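Peer 1: Place chain X on chain B using the hints.
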Amino acid sequence: MSVVRQAKRRRWAVVAVVAVLLVAVPAIVAAVRPAGQSIAAAQLRALVLGSETRPYQGYAHSTGSLALPELPNLADVSALFTTTTSTHTWYAGPDRYRVAVLSAAGEHDIYRLPEGEYTWDYGTNTLTELTGQSTVRLPRASDLVPPELARWILRSAPADPVTTLPARRVAGIAASGLRLVPADPDTTIGQADIWADPGTGLPVRVEVTARGQNAPGLVAEFEDVDQTAPVVTAPKPAPGSGFTVTNAPDISDALGALGRVRLPATLGGRPVRTTNFGGVQGAALYGSGLATFVVVAVPPNLARDAADAAGQAGGATETLANGEGVFLSITPLSLAVVRPPGMRRGFLLAGLVGHQVLRAAADQLSQLRRGGP
Amino acid sequence: MIAVELRKLVLRPRMWVSVGLLCLLPAIVAVFLATADFAPPPGQGGAFLSAVVNDGKLYPAAALALVLPLFLPIAVAVVAGDSIAGEASGGTLRYLLVRPVGRTRLLVAKLIAVAVYVTAAIVIVVLTSLVIGVLLFGTGGSEVIPGIPAQGGVVSLSGAPLSSSSLGLRLLGAVGYIVLSMLGFAAITVFLSTLTDSALGAALGGLAVLITSSVLETLDAAAAVKPYLPTHYWLSWIDFFRDPVLWRNIDHGLLLQAGYIVVFFGAAWANFATRDITS
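For the protein sequence lines, the chains are B and X, in the order given.
To convert, note that position 233 of the first sequence is 233 in our numbering; the numbers rise steadily by one, no gaps.
To convert, note that position 198 of the second sequence is 198 in our numbering; the numbers rise steadily by one, no gaps.
Calculated directly from the structure, the hints in this document are not laboratory data.
All clues given are correct.
Just so you have them, the derived chain X footprint on chain B, three or more residues with Cβ under 8 angstroms: (1) 14-21; (2) 106-113; (3) 118-130; (4) 230-239.
Quick look at which bits of chain X chain B covers, simulated, 3 or more residues with Cβ under 8 angstroms: (5) 154-164; (6) 246-260.
Far from chain B, some chain X residues (derived; all Cβ distances over 10 angstroms): (7) 7; (8) 11; (9) 12; (10) 15; (11) 19; (12) 93; (13) 96; (14) 101; (15) 120; (16) 195; (17) 213.
Predicted model, so just to flag it, every value in this text is computed and none were measured.
For every residue, glycine included, the Cβ atom is placed at its ideal position computed from N, Cα and C.
With the rest of the complex left out, here is chain B:
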């Protein structure tokens, strides 16, 4: 072998070793810092449920892979479950936090403070102060931050069994894992896997898998998290940007719910859990545990638009006891639009229940007399 060839090989070997070392750094770090053992699932559930007052600040991603149609007035909500959302959260406590939803072209911030709530939207260059309280609101990015999502799941299903999952390292934390499998056969949620800091109970990763699916349809995970208390203060209006004060939006604003409609106490065999959902009479939450669904009475034009959107997304039209309904199943979410003939209202149904439950509820709603049951 010539001297030149030997030198060439030596040089390429150096480059190859450096490249392999650089690529292998994350794997080496993971090997040096193993995740360890998970603590008992029941103990972890109690820790997670009690972690609401634990402060943290961190950068997280949530990725939804549901093929949701673009529902009228709900594009922002469906985007949460169909794309990847990046957030940076500063959480000092349940009544003092800031969540920044980050995008390549701007930022949308939600500030929750004891004195009120603010939102900042870079796109419209407007800071908005929300006055009043909405009892229930539409899902937003801050609900998909791992701690919020994990606590919502565990609170919704307090009696469902949990099992221990192997520990895994998430955002530098050796996190213990638990798997919750809903006991109710009618829910479309197959399992929810949660990993949390065994010391503080702070959830760092959540995977929600639909029944019958192998891959999770929703994953929320911290990339970086620091469990120290951040300073969160009210944002101040900046010169050159807008400032408005508005009432807290609720579901009725987005859906135009009809306040005069009284919904039945039981639908599809499921008792009502929350009446006046979102503070309006025309909306209610039914069911228990994770097997819940929402019913909202909407104006006929909105019901027509929703039915069209659901139909274009592959929804099936079915004949009900009175009129027609469009049903769409995007596991784990089931949607239905009921349009009783000759009525000045329609109904939107959405929830984590199977088709048969929504179908029974839709049949009942289609026969609902004007003015309520």
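Peer 2: Showing chain X alone in chain B's frame:
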């Protein structure tokens, strides 16, 4: 050696033409924005474009957002692809190497010349767009809100007002970050330039890497390799304009580009140092 390469760079008309073209795109966009007198709707158009109408001091950031995804990498690919292959295709490489300088030194000088080009191009784009922005959109800051000190009209992505000094520092950070991002890409193209005698081929090879990386970036199935793609953190310079500055992606981007520079400059050195020079 470095001085010679820099002199060659400055004396090349194509270098000034490419910088001029880089400055032209933001200028055209600014003229359209100023004459239309309305910003793109929220979520549409490039970053900062909706805000520059209120304050032209932010236009350099909007200009960077305009040129970074495509125009700047094309210019870098042309210059970096020409570094070694251009000398080879022009028949001057063998004459360069008969001088009493090592090949490694020549390669370092070429990379430094590319770095100077990238820095100069970005700085010139920032300066020209600042002048254009201030001339066409003004400096804002006329609105005064009671209890809030007047700090000019520039607002961070997070809604906090930015003072002129803070804006300058953030712009400086963004420029440095973009320079390093482009150097990572330049290192790949310089390596390709040592593999071929065709400057065009090397530049197209660099652009092929850029396109492949951009395509994989949109593919969920490629999630495992995304953090290693050369373009993955390119747009993270925008995080300099959040409040507080979001260092996480900036740090990751700097480390990634440093890795690309080390590996591909090393590969260029391994290939070029012992390569047979026939042209």
